[in-house]
Amino acid sequence: MKNTFLDFEQPIAELEGKIEELRFVQDDSAVDISEEIARLEKKSQSLTKDIYAKLTSWQICQVARHAQRPYTLDYLGRIFTDFHELHGDRSFADDRAIVGGLARLNGQTVMVIGHQKGRDTKEKILRNFGMPRPEGYRKALRLMKLAEKFEIPVFTFVDTPGAYPGIDAEERGQSEAIGRNLYELADLKTPVIVTIIGEGGSGGALAIAVGDVVQMLQYSTYSVISPEGCASILWKSAARAADAAEAMGITAARLKSLGLIDRVVPEPLGGAHRDHAAMAQNLKKALQESLRQVSALSTQELLDARFQRLMAYGRTKEQPVT
Amino acid sequence: MNWLNKLLPPKIKRAEPGAARRSALPEGLWSKCPACEAVLYATDLATTFNVCPKCAHHNRLGARERIDLLLDAAGRFEIGAEVLPVDPLRFKDSRRYPERLRDATESSGETDSLVVMQGAIRSQPAVVAAFEFGFMGGSMGSVLGERFVRGVQAAVEHRIPFICVTASGGARMQESLFSLMQMAKTTAALTRLAQVKQPFISILTDPTMGGVSASFAFVGDIVIAEPGALIGFAGPRVIEQTVRQKLPEGFQRSEFLIEKGAIDMIVDRRELKDRLADLLALLQKAPAAA
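Protein chains in written order, with this note's numbering: chain A, 1 to 322; chain B, 1 to 290.
Don't read these hints as lab results, they were simulated from the structure. Cβ atoms here follow ideal geometry from the backbone N, Cα and C, with glycine treated the same way. Check each hint, because a few of them may be wrong.
Mimicking DSS-like on lysine-lysine, the simulated pairs with C-alpha atoms at most 27 Å apart in a straight line are [claimed, not checked]: (1) 49/A <-> 256/A; (2) 197/B <-> 145/A; (3) 236/A <-> 92/B; (4) 92/B <-> 54/A; (5) 256/A <-> 92/B; (6) 236/A <-> 246/B.
Take a look, some chain A residues computed to stay more than 12 Å from chain B by CB distance [stated by the list, open to error]: (7) 39; (8) 44; (9) 55; (10) 82; (11) 93; (12) 105; (13) 107; (14) 123; (15) 145; (16) 277; (17) 282.
Label pairs and their computed distance ranges (CB to CB) [what the hints assert, rightly or not]: (18) 96/B <-> 67/A: 30 to 38 Å; (19) 91/A <-> 96/B: 44 to 52 Å; (20) 94/A <-> 98/B: 43 to 51 Å; (21) 73/B <-> 236/A: 40 to 48 Å; (22) 47/B <-> 317/A: 33 to 41 Å; (23) 159/B <-> 256/A: 38 to 46 Å.
Full structure from sequences and hints, please.
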């Protein structure tokens, strides 16, 4: 797959273009230029390293939304085995913006639930750009309750711009569906391990993101509103999205330092989209470690810890009332 | 007010009924109903708790007036007033977050967007939490979450019902992810109330949107809405931009919600206390009020 470069990656793109040209020339050339190619490849790598070491929040947002970024089903194929997708909410429809089902992680039964975006136009529409409707959240809840019944750990993968803001979604109770999941997840009697793999968009993300461990991929984002939305409300201009992204603190590193997430999963050089296999390997390692960590607790300990964690969210000060 | 007074914590000891009535009422003796344009006496509006006597339009009601409406006058005390906002992200858009907080405090007389009080509804003990829309649009930040949780904890401890009256545009962007997490925090607290089998009654008023709508608002054992309130997940403008079509008349209003099966009932504000007292007595299998 040919890499699509983002705006701020243009220097890398130019270099990679040159390398491509040289490779083409080399095929029917008597002169050996492989050394030159190797030199340029090294340069491209170090350039990528430099650029990625200094990404702004807004640039990270672009990486998180990259068209080639691995999605839930990509990880399902690489990390888990025996995946059996389970469909539908049993009352209205099967929302394709959320996928879920039974699978194995190193042989152990697990439940996997995640947002799913589409690659090409047709699939994007099928998946509604990863924006679930109420039936998607209700399917997710059904699978969570199924996992609880059989004491199966749940892995969720979060990657959504947000819950779908449509007429039909409102009619079927988008608010209730999200709120219900928050309520049920707070007390779900089985381990829940959450990974933000791309965009963690607001309530639509949170509805499957309450758990015992919350981890984020290095270049994923998690925020209460999209930078564009925040900018258009507070700056009165969506063009100030970069400022909003910076002000809100939406990156994995920032949220880790604020104590809002537990772990940052490193991405391959140049982002997860450059190397799906390597990313899946890193993620698998993190999932295993997190699972080991929560498996050591009894159900009661697990639920107590989850509740304490939820109650601790927020920053306030106290002052006696005069 | 001199600079010294500004630094002092605002006086929020106003638990006695009626004392805060002035804040949400329009200035002057007369006001005009935004729905039917009838010219009304401010004093008339105060006796109907901001419901237009001519057309029954429900104007917004401040948190303390709401508590005056619902709780008996005797034996109330406030919960969580000592919890105050901070600026964890040093957030700045066109203005700094602490400046916005200061302005909101000055204009609303509150220190944040939720007032919680323990008391009684027709002699039945309960905790009531009421949103103050006049404080940054009733937005949900860390203080709101913490006060809400303390209110629920008090209800759990005393084995009494918890009632929340919402009026909010949603999350408080200036607290970013801290704000989002309040959705999970507030909703999770209610699982403990359920464990002691005490009711949570959710009363949705105009407007109840976004993160407040999509967290605890719809997990009430009983969900009540005031007439004509705008209630929904996404704002009408966002939906219009997404679906590129005009929204149907009355979309996301209480009357639309009850038709879609999203809420239990629509109750006129002037009957709210009686209905609430009845429902609480029924749920707790107490005898009917005389």
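Hint by hint, here is what the structure shows:
1. 49/A <-> 256/A: 22 Å, holds
2. 197/B <-> 145/A: Judged against 27 Å, a Cα distance of about 21 Å means the pair holds.
3. 236/A <-> 92/B: 14 Å, holds
4. 92/B <-> 54/A: 22 Å, holds
5. 256/A <-> 92/B: 21 Å, holds
6. 236/A <-> 246/B: Distance ~23 Å between residue 236/A and residue 246/B Cα, so the pair holds.
7. 39: 44 Å, holds
8. 44: 35 Å, holds
9. 55: 19 Å, holds
10. 82: 31 Å, holds
11. 93: Answer for residue 93/A: holds, closest chain B Cβ roughly 16 Å.
12. 105: Residue 105/A is indeed farther than 12 Å from all Cβ atoms of chain B, at 25 Å.
13. 107: Consistent with the label, residue 107/A stays out of reach of chain B, its closest Cβ about 32 Å off (over 12 Å).
14. 123: Residue 123/A clear of chain B: closest Cβ-Cβ about 19 Å, beyond 12 Å.
15. 145: 15 Å, holds
16. 277: About 31 Å separates residue 277/A from the closest Cβ of chain B, which puts it past 12 Å; holds.
17. 282: 23 Å, holds
18. 96/B <-> 67/A: 30 to 38 Å: The hinted range 30 to 38 Å holds for residue 96/B and residue 67/A, with Cβ atoms some 37 Å apart.
19. 91/A <-> 96/B: 44 to 52 Å: At 47 Å between Cβs, range holds.
20. 94/A <-> 98/B: 43 to 51 Å: This hint holds: roughly 48 Å between Cβ atoms.
21. 73/B <-> 236/A: 40 to 48 Å: 44 Å, holds
22. 47/B <-> 317/A: 33 to 41 Å: Distance hint for residue 47/B, residue 317/A holds at roughly 39 Å.
23. 159/B <-> 256/A: 38 to 46 Å: Holds, at about 40 Å.
When the structure is compared with the earlier hints, no violation turns up for any of them.
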